[in-house]
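S.K.: On the provided structure of chain A, position chain B as indicated by the hints.
For reference, the chains in residue letters:
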Amino acid sequence: MNKALLLVEDNPTDAKLLVRAFGRWNFGNEISIATDGAAALELLHGSGSEKRPLPGLVLLDLKLPRIDGLEVLRRIREHERTRSLPVVVLTSSREDEDLIRSYAFGANAYVRKPVNFTEFVDAAKTLGLFWLVLNETPPSGA
Amino acid sequence: MLLKRDAEGLPLLGHPCTVAGPVSPEQDVGKLLEEFPDALIAVTPDDGCITFWSRGAQRVFGYTSEEVIGRSLIDVLVPLEHHELERQLLRTATEGALPAYEGVRKSKDGKTVYVDVSMRAVTDVNGALMHIAVSKKDITHLRSIRESAIVEDKFRGILETASDAMVMVDTAGRIMLMNDEAQRLFGYDGAELSGQPVEVLVPERLRTAHEAHRVGYSLDPKTRLMGARLDLFGRRKDGSEFPAEISLKPLRTPAGTVTTVAIRDVGDRRNADLRFRAFLEAAPDPVMIVDREGSIVLVNAQTERLFGYPRNELIGKPVEHLIPTRFRGEHPGHRLHYALEPRPRSMGSGLKLHALRRDGTEFPVEISLGPIVTEVGTLVSCTISDVTDRQRTETALRAAHAELEAFSYSVAHDLRAPLRGMNGFAQILLDEYSDKLDAAGIDCLHEIHDNAVRMGALIDALLSLAHISRTTLKPERIDLTRLAQDAFKRLKAEDPQRQVEVVLPDHLWAYLDPQLARNLIDNLLDNAWKFTGKTPHARIELGTANTEGVSAYFVRDNGAGFDMAHKSKLFGPFQRLHSMTEFRGTGIGLATAQRVAVRHGGRIWADGVVNGGATFYFWLPGPPAEAIQ
Chain A
1 MNKALLLVED NPTDAKLLVR AFGRWNFGNE ISIATDGAAA LELLHGSGSE KRPLPGLVLL
61 DLKLPRIDGL EVLRRIREHE RTRSLPVVVL TSSREDEDLI RSYAFGANAY VRKPVNFTEF
121 VDAAKTLGLF WLVLNETPPS GA
Chain B
1 MLLKRDAEGL PLLGHPCTVA GPVSPEQDVG KLLEEFPDAL IAVTPDDGCI TFWSRGAQRV
61 FGYTSEEVIG RSLIDVLVPL EHHELERQLL RTATEGALPA YEGVRKSKDG KTVYVDVSMR
121 AVTDVNGALM HIAVSKKDIT HLRSIRESAI VEDKFRGILE TASDAMVMVD TAGRIMLMND
181 EAQRLFGYDG AELSGQPVEV LVPERLRTAH EAHRVGYSLD PKTRLMGARL DLFGRRKDGS
241 EFPAEISLKP LRTPAGTVTT VAIRDVGDRR NADLRFRAFL EAAPDPVMIV DREGSIVLVN
301 AQTERLFGYP RNELIGKPVE HLIPTRFRGE HPGHRLHYAL EPRPRSMGSG LKLHALRRDG
361 TEFPVEISLG PIVTEVGTLV SCTISDVTDR QRTETALRAA HAELEAFSYS VAHDLRAPLR
421 GMNGFAQILL DEYSDKLDAA GIDCLHEIHD NAVRMGALID ALLSLAHISR TTLKPERIDL
481 TRLAQDAFKR LKAEDPQRQV EVVLPDHLWA YLDPQLARNL IDNLLDNAWK FTGKTPHARI
541 ELGTANTEGV SAYFVRDNGA GFDMAHKSKL FGPFQRLHSM TEFRGTGIGL ATAQRVAVRH
601 GGRIWADGVV NGGATFYFWL PGPPAEAIQ
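Top line first, the protein sequences correspond to chains A and B.
The first sequence begins at 1 in our numbering and counts up by one.
The second sequence begins at 1 in our numbering and counts up by one.
Chain A extracted, bound-state conformation:
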């Protein structure tokens, strides 16, 4: 149950808060951070990526520099290796449009970032418990 968590987040404050929030629950998972869409895709599909294990969960912000979140999601679903990788969209957007399109592009879940840190911590617990502990993913590369 040592599945890694990939955080795709360009805002360092949010990234730090997420790391802290997950840290509170001691899931003990490795957390890697990609600060833009291109970096995230490099990690998942780039050279040598086939030797690294896939993360157990991708937390994906939508508004990202270079390649935006929806495009990242589209390419994750397009790529054979990451087709069934769990991706949770974690965003501050309240636009219905973003919600609709995220699911259309194959997101597994859509969570709005709470402003309140206490709620943020609760959200991290729920997400970590479900996706990193309870959820079973197909064998890597399947």
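Derived from the structure by calculation, the hints contain no laboratory data.
Source: prediction; values computed, not measured.
There may be inaccurate statements among the hints.
As the list claims (entries may be wrong) - Taking beta-carbon pairs under 10 angstroms as the criterion, some of the chain B residues facing chain A (in silico):
id: 1; residue: G256
id: 2; residue: A301
id: 3; residue: Q427
id: 4; residue: D431
Every residue, glycine too, gets a C-beta built ideally from N, C-alpha and C.
M.R.: Frame of chain A; chain B shown alone:
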């Protein structure tokens, strides 16, 4: 020869006449014969061929003697149906009788002439038949007057019931009878026109043509409009003219077939027509009138300008002329479809319509159609709006709207992110480093944290206010009681220690967009909940009431209330009637509630007393709550 005359110029009576002597047969009889006013004719006794034709005969019947000498009298003058009768009479004359009778003849130009006929056989000294001498007196005028009396007895009453001017004319074209309206219309008194040719009512310049038409009509009398497609005029006694519409109807009477003529002064209608054209010209938009066949009948100057055609190049042209070629084919079908159900509507609703200028350029249009019922059938009026500018504005508006969308997106995303940081790290400090801070430090952290939370709430409220204005309404039947129950559940969960008496009807129906209905009820109940926070026995009620002449929904509380002097400020965004320390809030809630009501075409208002509670009413168009099932 001079006649003695009295002072008024009339011949004196009882005065001995002074004459030079009797007429001398050799010199004067021939001349006298010529001057007799009646038609004097001689025919051969055996076959009735004309041998003598007096100047009087020429005056009465129009033929010169050269034209008729040697021809059969019957052939020349007698209408076919009287030929047999005429032959018998000639025969009786040859047998020595002196037939005298009244008959009908045709003049050279086809007019009917009523005549008083007398005949006598003329023999030579040996008693052999030489001629039949025939005298024919034109009694058309006299007869009309006589027949008028008969017709008048029988028809005057009926004629007076007609609202139109009515004139009865005999087969000879003489006026027999005019009703009061006709006398008024033409300016004549009583029977002064009896026996006169009807042409007296026609302008001089049209009389000859009229006589010819009248003869044509007498050959085939039937009910019809006179001179359809011609401009007809009547002539008044004073010589003035008026435009007229005239209908003719043959009528059998004891005096023979007469023609009833109804005359209507259409001067008013022509004025109306002129007014209509003036109205068309004054219309701000280009207007075209199109007939059933799709031909352009009328256009205004605005149409000329818009399409670049002078009007003489448009009138009579098919309207398809103004449509780009690629759309022309389908247009006649649309036109026929419209003719089946003509009513005021816009053309091709939902479609982008294009029009074609003379120079070949196209432009977007909107066209409204309307039927105009006229005597010549249903015409269609087309009002054309060039929507080039509007489409440009719409494009600009859409761009501005998209920009606004992008702006609210970035407000939502970019402004909330730093707030999350402020809130989050303040919370982490409070959670993990409290032991390293004193009470004042901890209080500062609480301030940072609370302000960040409040700003987040403000941003959310502003976004939802903006959302109400741009969302598409999908009203449906909504139970407001259900929404209120949800709201109270939420409020009680947030404030579990509070005791509030909630009064709700079993159901409270309204037609509203479900999303916005929730927004409305949430905001009004949040408001009531908040302002009853310091009231010992708080009570909040939802229901309907008749107030200000309408059936309105209401949310009533017994909380802090407000001063009616400030009621205009209640619904403005960021307007607050209480200090933040008294009651917290964004100042957006009631503005949001108002916007929901207004977006649905309704309104919202409030009643309140300081420390006496407040009632918020909202009214929505459509059926009242009790009527929604």
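S.K.: Take the hints in turn and mark each one as holding or not.
M.R.: Verification of the hints:
1. For G256 (chain B), the suggested interface contact is broken, since its CB lies about 91 angstroms from the closest CB of chain A, more than 10 angstroms.
2. Restraint check, A301 (chain B) versus chain A: the minimum CB separation of about 49 angstroms is more than 10 angstroms; hint violated.
3. With its C-beta approaching chain A no nearer than about 4 angstroms, Q427 (chain B) sits inside the 10 angstroms limit, and its interface hint holds.
4. Of the supplied interface hints, the one on D431 (chain B) holds, with its beta-carbon coming within about 8 angstroms of a beta-carbon of chain A, less than 10 angstroms.
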